[in-house]
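Participant: Now for the letters of each chain:
Protein chains: 4
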Amino acid sequence: MNTDSHAAGADDFWRELEADRLHEECGVFGIFGHPDAAAITALGLHALQHRGQEASGIVTFDGNRFHAEKRMGLVGDSFSDQAVIERLPGTAAVGHNRYSTTGETILRNVQPLFAELATGGFAVAHNGNLTNGLALRRQLVAEGAICQSTTDTEAVLHLVARSQRNRFLDRFIDAVRQLEGAYAFVALSTKKLIGARDPLGIRPLVIGELDGHYILASETCALDMIGAKYIRDVENGEVVVITEDGIESHKPFPKQAERPCIFEFIYFSRPDSVVQGKSVYDVRKRMGVELARESSVPADVIVPIPDSGVPAALGFSQQSGVPFELGIIRNHYVGRTFIQPTQRIRELGVRLKHSANRSRVEGKRVVLVDDSLVRGTTSVKIVQMMRDAGATEVHFRLASPPITHSDYYGIDTPERDKLLAARLDLEGMRQFIGADSLAFLSVDGLYRAMGEGARDPANPRFTDHCFTGDYPTPLTDLMNETGGVKQLSLLAEAS
Amino acid sequence: MNTDSHAAGADDFWRELEADRLHEECGVFGIFGHPDAAAITALGLHALQHRGQEASGIVTFDGNRFHAEKRMGLVGDSFSDQAVIERLPGTAAVGHNRYSTTGETILRNVQPLFAELATGGFAVAHNGNLTNGLALRRQLVAEGAICQSTTDTEAVLHLVARSQRNRFLDRFIDAVRQLEGAYAFVALSTKKLIGARDPLGIRPLVIGELDGHYILASETCALDMIGAKYIRDVENGEVVVITEDGIESHKPFPKQAERPCIFEFIYFSRPDSVVQGKSVYDVRKRMGVELARESSVPADVIVPIPDSGVPAALGFSQQSGVPFELGIIRNHYVGRTFIQPTQRIRELGVRLKHSANRSRVEGKRVVLVDDSLVRGTTSVKIVQMMRDAGATEVHFRLASPPITHSDYYGIDTPERDKLLAARLDLEGMRQFIGADSLAFLSVDGLYRAMGEGARDPANPRFTDHCFTGDYPTPLTDLMNETGGVKQLSLLAEAS
Amino acid sequence: MNTDSHAAGADDFWRELEADRLHEECGVFGIFGHPDAAAITALGLHALQHRGQEASGIVTFDGNRFHAEKRMGLVGDSFSDQAVIERLPGTAAVGHNRYSTTGETILRNVQPLFAELATGGFAVAHNGNLTNGLALRRQLVAEGAICQSTTDTEAVLHLVARSQRNRFLDRFIDAVRQLEGAYAFVALSTKKLIGARDPLGIRPLVIGELDGHYILASETCALDMIGAKYIRDVENGEVVVITEDGIESHKPFPKQAERPCIFEFIYFSRPDSVVQGKSVYDVRKRMGVELARESSVPADVIVPIPDSGVPAALGFSQQSGVPFELGIIRNHYVGRTFIQPTQRIRELGVRLKHSANRSRVEGKRVVLVDDSLVRGTTSVKIVQMMRDAGATEVHFRLASPPITHSDYYGIDTPERDKLLAARLDLEGMRQFIGADSLAFLSVDGLYRAMGEGARDPANPRFTDHCFTGDYPTPLTDLMNETGGVKQLSLLAEAS
Amino acid sequence: MNTDSHAAGADDFWRELEADRLHEECGVFGIFGHPDAAAITALGLHALQHRGQEASGIVTFDGNRFHAEKRMGLVGDSFSDQAVIERLPGTAAVGHNRYSTTGETILRNVQPLFAELATGGFAVAHNGNLTNGLALRRQLVAEGAICQSTTDTEAVLHLVARSQRNRFLDRFIDAVRQLEGAYAFVALSTKKLIGARDPLGIRPLVIGELDGHYILASETCALDMIGAKYIRDVENGEVVVITEDGIESHKPFPKQAERPCIFEFIYFSRPDSVVQGKSVYDVRKRMGVELARESSVPADVIVPIPDSGVPAALGFSQQSGVPFELGIIRNHYVGRTFIQPTQRIRELGVRLKHSANRSRVEGKRVVLVDDSLVRGTTSVKIVQMMRDAGATEVHFRLASPPITHSDYYGIDTPERDKLLAARLDLEGMRQFIGADSLAFLSVDGLYRAMGEGARDPANPRFTDHCFTGDYPTPLTDLMNETGGVKQLSLLAEAS
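Residue numbers (UniProt numbering), protein chains in the order written: chain V, 1 to 495; chain E, 1 to 495; chain S, 1 to 495; chain A, 1 to 495.
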C-alpha cells in the first residue's frame, strides 16, 4: 500500500518526454455467460493495453457475489497469476484499462467502479470523458451523496442509485440521459451486461461473440486476441443489453448522425483493429498516400517515426516511389520508469527511445513521417538526430492536420497554449522544429483518406475539433470553471 | 497493491493461537491547533497500539485540504518515515488503530473515513460497534446511498451527509442520535474537532491538553506518551466540540447513569492508563488480591501467564504470601507472521510464544494466574508445559469471572458455543484444562476490586454482559439476522 | 531478498514461448576518467539491453574504494534512481547486462564480479562463454580456491589472484592465456580500464571516445546513445589498456585471422550498430536481397515477422518488387511476466505477442520473412494465424541457413535434438510448419550478404558452426562431460 | 534486491536508542539425521532470536546437494512459509542468527557461509569474534584467496580449503588452530555435523538430543523449544563430531581451565536457559540478592527496568522486603523501525519504549534495578520519567559491576570513551544519571551470585574483562590497527 515515491524525479522527466504525445484514457471489455469470464477479460484488456497503461481492473459476478481485483500497472503483470484469476469466479465480467484524465492515479479511482443497491450490486467501466462531470458531482454532493473516487465516472453510479425507477436498466438509462460528453460504457448487474455509447458515438465500442457468448470491447483487436467473431459496432446513442436470451437494443436518445472521434484512426486504435468498418492500418496508409499527393518533395528515403508513423510512411513511400527505410530504430526496453535526469541525460533526450540508423541516413535527403504533431519538443530532437547522423536534408511530414484545439472527450491533450500549431504558423513551426520543410495533411485530405469527399462544415462526419475547433457537445464544466467555480475535491490521499 | 497471500496457512495457524484471546477493535486520537498535529497523532496511536494492530490511518486538515494516509500494519512501521508525516500537513488531525470486527481488512475499510459535503469535508474515526449498523446501512442503500467500505462506521458519514441541518455539529448530532450500541468517536471538520461517547459510555475517551491545545484519546497512556496533561474523561452521552475558542460540551441524549465496559479494566486498557479515574494496574492487582481471598490454595510459587496475568499474580502473591516468580518466559519476537504449521510445530504449539522456566517450576506446587479464560485451548498447553517442566501440582486461577456470553460492542469474542465457560461447568473446565484445581474471581469480587460493593442487578455500574448476559442496549442487527435478514455486502475485493 | 516464486507457472509458459528464440548472454561497457562514469555506464547498458535482460551491474572506482550495484531486471528500472547513481561515485566504471548461460540467475552471479588482491581490488565483466570454464574451476578448487558464484567468469578472478606476477596487467594476461572459448572482457583495476577479445574475436568489443575519455562497449549503438565517437574495434586477441595516458595495445597471443560470430549480424546486434565495420541493418537487408534472389515465389505481399524480420523483408521486397506490408502487428506490452497458462491461453499461444493485420493478409499470397528458425514452434502458430486471417498461400523464407548445431560461445541455443533443422529435412520442416513453401538462405548467400565471396571451408571468415558444424576452438568441457565428469556446484541457493 | 533506504533517519535515531544496550552477535544451531532438519532448525533459531535479529540463514544437505536460504529480518518472518522450508530438503542442517559486529549487513555476510572443496562442500556458522581475523584475512589475500564476504568467519573457510590434509575433520582442526579469540562453531560437511568451542569456552554451545538425533545449539532454550533433551555442554577447546554413529570428541588444544563469558549470565542468555549448568534466571535473582545485601536503601517500591532488570529486581525485593512493582510499562510494539525523529520525538525519547506506571510511583521512594549500565543515556531519561511521575526519591541499582573496558569477543560494546563507567567516577555517574543514589554490584558480589567465592585474580573463573580489563587472549588485530594497518575491504556494495 506504500506510495512508491522512488524515482519521482525520473517520473517528472519521463512525463516531459511523454507530454509530447497524445494519450487515450481507457479501454473497456465485458463478457456474459462464459465459464472463463475473468481469464478472457484479462486477455481482452491485454489486447487493449495501448488505450491505458496506468492501472487495470476486473469485476466478475458469480451468481451470488461480485468480485473485484484492481491493480496499478500493466495487465500482463497484474493478471499473470492464476491465483488472481481464481479470485474472480463467475461467468460474467467487465474490465477496464486506465489512463487518467480526471482524478489522481490511486487505487480508489481504478475502474470498474462498483456500487450496491437495495436491488443488488452493479459495476461500471467507462471510456470517454463527461463534459458535465463536475456539475453533476456538485449537484449530487449537495443532495447528500458521498463520493469516494475523484473520477467523473462515479457520478453515473450515484445517478443510478438515486433513480426512482425499479429495474436496473431503467435506472441506467435514467442516469446516462443526464450525461454530456463522450462515453462508451460496459456495466454489469446481477442479471445483465450492458453496453452504451454516447449519442454521437464519439468513443468506440464493438460487439463480438465467442462460443455463443456475447462480448463488448473498445476495439476489434480484443476480439482477435481471444478468437472471437466480430458482430457489429454498438451504434451511437444505443444501449445494448446482453442476457442469456441474447442482445436487446435500446435507443433512449433522439436519432442523430454518428460522429466518431477521428483520432481513433489517426493515433489511438491499434492498426489491426477495424473501427466503424474501416481497417485502421489501411486508413493510416491512405493518410500517407494523401500526404504524398499534397506535399511531395524530392528525397532519397522515407523514414517513419516509429511505431506510429510506420503505416503512413509506407503509404507515402508507395505513392512517391521513394524507398521506405527504418532510418530510426526504437528501443523496445523503455518502460514506465527511466534513467534519472542528470544534465547529461537531459541533453541526450530522445535517444533513450529512438536512435538514428546512420547507414540509411548519412548523405541522404530524408523525409520523416509521423502521425501528428503535439508540442513539437520530440520532433526538434529527432530532426537534430537525423542531421547528426549525416542527413543532407530533413523534411517533416505529418499525416494529420495541425492540432489547434484541446480535447475534452477523453484524449489527454495539453492546454491550448502548449499546442505548437496553436502558437505558431507553418513557417514558425518549421523553424522551431528545424526541418528544411514541413507539411501537414489537409483536413479535406484527412476526410479523403477516410473514404469521404471533402469535409462538410454543416454536417461533419467526424469529431474533429482538435483540427477545426468545432466541438460537437456543450462544454459545461469548462464554462463553469471559466466562470470561477472550481473542483470540489478536498482530500489528498496517497493510497 | 498486491494482496499478500504468502503464508496463508501460517496465518490460519496463527489465528488459531490468537483465537484464544479477546481482541479490542480500535484506538482513536485527535488533536486541534498544534503545529505538529500529524507527528503527535502518530505517537498517540503508537501508545494505543495494543487496541488494534491491523492497520492505522491519520487524516489532517491544513486549512484548505484534508490529507489522508492509511496503512496496513503497525504504527511504528507505517508512520516511521518523515516523508509520510510531511504528506500530512495541518494543525488538526484525527487518527485510528484498527482491529477489525466488521468488514474485511482492506485499505478501504481503514479509518478515519472521509466524506466531502457541499459545505466541506470531514473525517471520522470510531472505537466501538453499532448494534444497528446493518439496519442503518440497509435503509441508506434503499435511499440511494452508495457505501464504499464495509464498516459500520460508514453509516455515520451518510447520516451526516443526508442530514437536513446546516451546521456540521447539528448534522453530526442528528447522525449519532440514530445510532445504537457502543461508540467513542473523534471527528474532524474544517473548523472543529469533535469527540462523542455513547449514552452509556461503554467505550472510553479522554480529554488532554498539550501546549495549550486540546487532545482526544482512547486512553491516558496516549497522553503520557506525548507529555500531555489529562483533563477529564468525555462523559457518557456527551459530545465535545474543540475549536480555537476551547471546549464546548453538548448533551444531546437524556441523562443516564454511565456504564463503562468492565473489560477495559480486566484486559484491554494498558496497565499504566487511568480509566474512569482508576489505575488499571491497581485494579488488576486488586483482582488478584480478591481472587487470593476467594480461592487460595497451598502452593510454592505464583506464576503469571505473561504479560496480561502479571499484575493479578502480583496481587495474588502479596495477598497469599506465596512468592511471585517468572515461571513462564514470553518470547518477544513473535510477530504477526509465524513459522509454518508442520505437524511438529502444531505439537509444539504454545512454546512459540511461551516457555517454561524450569528452575522455578520443577518440584513445585504452581499457581498459574491469568486475566481471563476464553476458549481454553492455550491454557491446556500451558498447564501441560508446567507439568513437563516438573511442577508437582498446577492450580489455575482466573482474575475475572467465567465468560458465558458474546460481546457486540467492539470486543471480538468467539461465537457463544466456542466459549469454554458457556459449554462446560467448573469441573468440566478443570478437566479440560488439566489443572489440579481451577477457580474464577466472582462477579462480586470483580466489583469489589473495582472499588464497589457487590453488583446491584437492578442498576449495575458496568457493562458486564460477558459474565452476566445482561446486555445494556438493544441488539437490533442480531435480532434481524436471527430473523433471516443477512448482510448486504456483495463485493469481495482484495485491495 | 525474497525469491519471487509468484507466477512460476506463467514463467514456465513464457519460457516455452521464449524457447523458440536464440538468446545472447551479455553486453559489457566500461569508461575511464569521466566525471559521470556511472550515469554514462547506465545509459550504455540501456542501449545494450537487447544483449541481456535478466540482471545488470555496475562497479565504479572512486580513487579509494570500489562501489557496486547489482540488480535483477532491466537497466531502466534498476538504475532509474539518482540515489543509485550517487552510490556509484568515481570516474571509472564497468557494467554488464546478463542473460544467463551458465549459473543460476541469482544476485551472486550478476556481474561485474569483484575481487580484492593484496595490491588492490579489481572488477571484471564478461561477454561470451569459456569452453574450458569447468575444467579451470575444478583445478582451482583442487588448489583450495573458494568459488562464490557459479559463473564461468569467476575462474578469471581466481587466475588473476593466484598469478605470481606483480603488475595487475601481467596477472590479467596470465589469466586470459589459460582460457578457451569466446570472450570480450572489460576489467577495472585501481589504475586501469582493460578490454580484451579472444584470439578469434568471436564476441564483439569496440572502443569509443567521449569528451576525451575512452570507452569500451559491446556495440556501437552504446556509443551513439551517449553521443560518443567510434574509434575502432578491439582486435581479435588484443588486450587494450586505458589509463589517463591513453590507450596501450598488447597482443599476448600468436597472430591469427579474426573469425567473428556471424550471428551478431543475423540476430543479436542492434540494427543501428556497425559491427566489424559493417552496418547490421544493411547486412540484414542484403540477406533479404540474397534470399529473394535464391528463393523468390509469386506473391502479393511480403510480411516480416516483427521486429527481427523487418530489414530482411524490406530487402526481399525491394529485390522482388512485391510490396512490403505490416501483416503482423507486434504487441509492445508483453513484458517478462505474463498471463497465466489456462488451457484457453495455451491455445491462443502466439497471439499474446503478435496479431494478424487481416486487411493486408485476407485473400492474399503471403511471403513471411524471418531472420532464423530455431525450434519452429512459433512459426507453426504464425503460419496458422496467417491462414486464419484469410491468406490464400503462405510461403516461409528464412534470411539465414538451417541451424543444425548448438553453440558453446555465449548463444543460448537448445540442445541439438531440439533444433528443427537438425531433426528434419527441408520437406519435413515445411510440413511441420504448415507453409506452402519453405526456403532458407544458403551459406554462400549468407557470405555474399556479408560482402564476401562464397565460404572458403579451409579458411572461413566467420564463426558459423551453427550452420556448418565447424567449431573454431576445442570444446574441453563438453568433451569432459561426455566423459562423465559433471559440474561441481553443490549449493542450491535462492538469493 | 533493492536496498531499502527508507527511514534512514529513523534508523539513525533508533541506533541512538539502541546504542545504550549491549548486543550479542549470534546464535547457532545444528542437527544431524532428522527428517525435519530445516523446520527444527528454524524453530531453534526462533528460540535463539534474542542473540541476533538482523538476519538468519539455514543450510541443509540432502545427501547430494547443499541448500541455503538466507534472509534479512526475524526468523518468524523469514522462515514462516512452508515453501521456504521445502526449499531446504535433507536430514542435516546448520543455522545462524546474526547481529553484525564485523562486516556490513548485506546478504553476502549472512551465515552459514558455504564453500565447495574438491572433496565436497561444507557450511560454517559462527558465534563469537576472532581477534586475529584481519591478520588472517591479509595473509590469505596475499596468497591469492578471494574473499567474498567481509565477515571474520570467512577466514575459516579459506583455511579449511587451503589445508593440505585430506579428511574434512583434519582440515577443520588445522583451521581452528590458527584462530584467536572467541568462537562457537557449528559446521556441516557431506558426512558430519561438527561443533567447536574456543580453548577458553568463551561463547556457549550445548549438545541436545531429539528422537535419537543429536543437536548443537547456543543455549538450552533452543532445546526446550523443540522438545529436545539436554545432554551436556561442549567443553572449552573441544571439537565434537556428530555422525550416524554418534558423538566423537576431539581435544586439539592443550588443556586449559574454562573461562566462559560472564555477560551470558548478566544479560545475553535467555532467563530460562541453563548455561554451564546454572539457571540464568536464578543467577540473575542472586545478583539482585547480592546487590540488596551490598547496597540497600530505605524505599517504598522496587521497580525493574523491563525486561532485563526483572529477575534481579525480584531478588532485590525478596532480599530487602520492599515490594516489587511494575512501575515501568514496556511497549511491546516497538519493532526495528520507528517513528521519525522530529525534534518533539527526540525529546520524548525513551517513552517510545517505556512508560511510567504513575499509580505505583507517585509519592514513593523508588529503587530502579537494571542489569547493567553502558552509556547511561537511557538511564538519565528513565530517572527523569520516574520523577515526572511523582517519585519522591529515585535510587539506581545495577546488578553488575561498572563496565570500564570494551569487548572484542562478540559483544558489541561502544568504544571505551563512550562507556560511562570509563569516563566518570561513581559520584560523577550519579550526577549524570540524576539519581539520588547509585550503586553497582561488586565484582566479588557478582562471583558470589555465580556460586563462587571472591574472584581469584590469578585464576579468574570467567571472562570478565569488561569489568576488570583482564583480557584472556591476545588482541592481535587491535594491536595491528593501533600500529596503523587498516582493514582491507575495498568494495562498497548495497546488496
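Wrong hints could be hidden among the right ones.
Pairs involving identical chains hold if they fit within one copy or between any two copies, as the list cannot separate such chains.
[Stated by the list, open to error] No farther apart than 20 angstroms at their CA atoms in a straight line, the calculated lysine to aspartate or glutamate pairs in the DMTMM-like style are these: (1) Lys353 / Asp81; (2) Lys255 / Glu238; (3) Lys353 / Asp307; (4) Lys192 / Glu209; (5) Lys251 / Asp174; (6) Lys229 / Asp388; (7) Lys278 / Glu362; (8) Lys192 / Asp170; (9) Lys418 / Glu452; (10) Lys192 / Asp456; (11) Lys192 / Glu362.
Quick caveat, the hints were computed from the structure, so don't treat them as lab data.
Participant: Work down the list of hints and note, for each, if the structure agrees.
Facilitator: The hints, checked one at a time:
In the homo-oligomer, the alpha carbons of lysine 353 and aspartate 81 lie at most 20 angstroms apart only across protomers (18 angstroms), although the nearest pairing inside one protomer, at 30 angstroms, exceeds that limit. Within a single copy, lysine 255 and glutamate 238 get their C-alpha atoms as close as 10 angstroms, which meets the 20 angstroms cut-off; across copies the closest is 60 angstroms, which misses it. For a Cα distance limit of 20 angstroms, the shortest separation of lysine 353 from aspartate 307 qualifies both inside one copy, at 11 angstroms, and across copies, at 16 angstroms. Taking the shortest Cα distances, lysine 192 and glutamate 209 sit within 20 angstroms of each other inside one copy (16 angstroms), while across copies they are farther apart (57 angstroms).
Within a single copy, lysine 251 and aspartate 174 get their C-alpha atoms as close as 12 angstroms, which meets the 20 angstroms cut-off; across copies the closest is 44 angstroms, which misses it. Only between protomers do lysine 229 and aspartate 388 lie at most 20 angstroms apart by alpha-carbon distance; the minimum there is 12 angstroms, versus 49 angstroms within a single protomer. In the homo-oligomer, the alpha carbons of lysine 278 and glutamate 362 lie at most 20 angstroms apart only across protomers (14 angstroms), although the nearest pairing inside one protomer, at 38 angstroms, exceeds that limit. Taking the shortest Cα distances, lysine 192 and aspartate 170 sit within 20 angstroms of each other inside one copy (12 angstroms), while across copies they are farther apart (42 angstroms).
Taking CA atoms no more than 20 angstroms apart as the test, lysine 418 paired with glutamate 452 passes in neither setting, with 31 angstroms inside one copy and 53 angstroms between copies. Neither within a single protomer nor between protomers do lysine 192 and aspartate 456 lie at most 20 angstroms apart by alpha-carbon distance, with minima of 40 angstroms and 60 angstroms respectively. For the homomeric pair lysine 192 and glutamate 362, neither the shortest alpha-carbon distance inside one copy (60 angstroms) nor that between copies (35 angstroms) is at most 20 angstroms.
The structure fails hints 9, 10 and 11 (numbered hints given earlier, in ascending order).
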